[in-house]
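**Q** Take the sequences, apply the hints, and build the full model.
Okay, here's what each chain looks like letter by letter:
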Amino acid sequence: MKKGTIIFIGQINLKSKLDLNKIYNMSKLIEGIFNHLENWGTFWFGFLFWGSIFGAILTVFFSAFSSSILIILGYFFGIIFGLISNFKKWSWIN
Amino acid sequence: MVMDQLRDIKHQFQNEIEGSEDLSLEAEKRIARSFMGRIEWEMIAIGLTQCFLWFGVWAMVLAGLMPLWLGFSILVVTVTFAYLPSHAGQHGHLSGNKKNLNWLNFWVGQISLIPLAQSHEILKVTHLKHHAHTNDPNNDPDHKHTHTGSWFKSALAVHLQTGDRDERLNNMLERWMESEPKFKEATERGGLVLFGFYILQIVAAINFPLETLFLWWLPRKIAVSYLGVIFSHMPHKELPVGRHADTRFWTNGLIRFFNHSMQIHAMHHMYPKICHHDEPKAIEALRPFMIERGIPGADRIPKKIINNPLTKLDAV
Numbered sequence: 001m002k003k004g005t006i007i008f009i010g011q012i013n014l015k016s017k018l019d020l021n022k023i024y025n026m027s028k029l030i031e032g033i034f035n036h037l038e039n040w041g042t043f044w045f046g047f048l049f050w051g052s053i054f055g056a057i058l059t060v061f062f063s064a065f066s067s068s069i070l071i072i073l074g075y076f077f078g079i080i081f082g083l084i085s086n087f088k089k090w091s092w093i094n
Numbered sequence: 001m002v003m004d005q006l007r008d009i010k011h012q013f014q015n016e017i018e019g020s021e022d023l024s025l026e027a028e029k030r031i032a033r034s035f036m037g038r039i040e041w042e043m044i045a046i047g048l049t050q051c052f053l054w055f056g057v058w059a060m061v062l063a064g065l066m067p068l069w070l071g072f073s074i075l076v077v078t079v080t081f082a083y084l085p086s087h088a089g090q091h092g093h094l095s096g097n098k099k100n101l102n103w104l105n106f107w108v109g110q111i112s113l114i115p116l117a118q119s120h121e122i123l124k125v126t127h128l129k130h131h132a133h134t135n136d137p138n139n140d141p142d143h144k145h146t147h148t149g150s151w152f153k154s155a156l157a158v159h160l161q162t163g164d165r166d167e168r169l170n171n172m173l174e175r176w177m178e179s180e181p182k183f184k185e186a187t188e189r190g191g192l193v194l195f196g197f198y199i200l201q202i203v204a205a206i207n208f209p210l211e212t213l214f215l216w217w218l219p220r221k222i223a224v225s226y227l228g229v230i231f232s233h234m235p236h237k238e239l240p241v242g243r244h245a246d247t248r249f250w251t252n253g254l255i256r257f258f259n260h261s262m263q264i265h266a267m268h269h270m271y272p273k274i275c276h277h278d279e280p281k282a283i284e285a286l287r288p289f290m291i292e293r294g295i296p297g298a299d300r301i302p303k304k305i306i307n308n309p310l311t312k313l314d315a316v
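Sequence lines, in order, name chains A and B.
Position 48 of the first sequence, counting from 1, maps to 48 under this note's numbering, and the rest follow consecutively.
Position 57 of the second sequence, counting from 1, maps to 57 under this note's numbering, and the rest follow consecutively.
Where hints are given, some of them may not hold.
[Stated by the list, open to error] Computed list of chain A residues with no C-beta within reach of chain B, every gap over 12 Å:
#1 20
#2 21
#3 24
#4 25
#5 62
#6 65
#7 66
#8 71
[Claimed, not checked] Computed list of lysine-lysine pairs in DSSO-like fashion (alpha-carbon distance at most 30 Å, straight line):
#9 A/88 - B/153
#10 B/237 - B/281
#11 A/89 - B/182
#12 B/144 - B/182
#13 B/237 - B/304
#14 B/184 - A/28
Hints in this document: simulated from the structure, not taken from any laboratory.
Here a beta-carbon is modelled for each residue, glycine too, at the ideal position from N, C-alpha and C.
**A** In structure tokens form, the structure reads like this:
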């Protein structure tokens, strides 16, 4: 497909001229994200998924403390857990 | 005394009938084919119902209509039903002989797998490899969690299949991706589905952390352990490679329902095109062939399988 190709969807001419450079850059970005997650996916899962859960558990057990501090603490534990999991290749956390 | 004599005569008569039967491969295939080709509507119903229940429990817990512990208890049970409909789709049971309904195999299979956060396509291509190379350490993707020293080790090992933990499995996948374009395409499409589940779980955990832990992550981990033990370890452990030698009839004292009928998994490996719900009557018809071929445990399988809980096999 050449740069500036007109897209047809059924009988409708969208007349939207695609900038293939943008598409190329987008696909490069997505590829980059996948490559990054291949090496760091477990870390991000530990940080965001388990960090959220750790924060919620801390909030349940230490309700007297400020919930924002406990949630930040949860994400801190999530970072540590994510790093250890990534290093030890604990794919079961996902 | 008279009853014993009558029973002996009956057994002798049955043995003579079985002995006179045509036990050729052609005869076996002819009988097996008579059980193939129908649409397994039961699996479509199970797949969609358990997924509907999963979403329903989520909605009720989030709305405060159901306590979290109850939702967790329900989903631990229902999520174990998530795999078999996908498995039926992997073998084309959901469309039967109707090629125009092929889409059912993917869509019902994938919808059913939402609670397990798995890709139907990846499970399909790896499961078909499992059938082609059952118990082969270098070519069976399920080998590592199947051939463990105990069911408990199997329940843990099944979670170590992904990532870089299982080098042998990774080598298999890389080899097939290089040599089989269709395997590669299916794996890449499945990879996108897994990426979607990865993002969804993180988003769910950020918004509903404890609910995501108890309604999604924990039930699916427990279900996967159960599946690893009941679907892989028990039917295949310590058995060699070979069409009639790689799967056994077994029992653990529990009724068939609680084992998802995996006591008769040998039937599935003998003829994967026969629907799961037709296996009992197929075994009744193919029993003499199974004994003749030396399928492990076939000589202990009762003559009547339909409605039989199979809590025990006959003594040898």
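**Q** Hint by hint, which ones does the structure fall short of?
**A** 8
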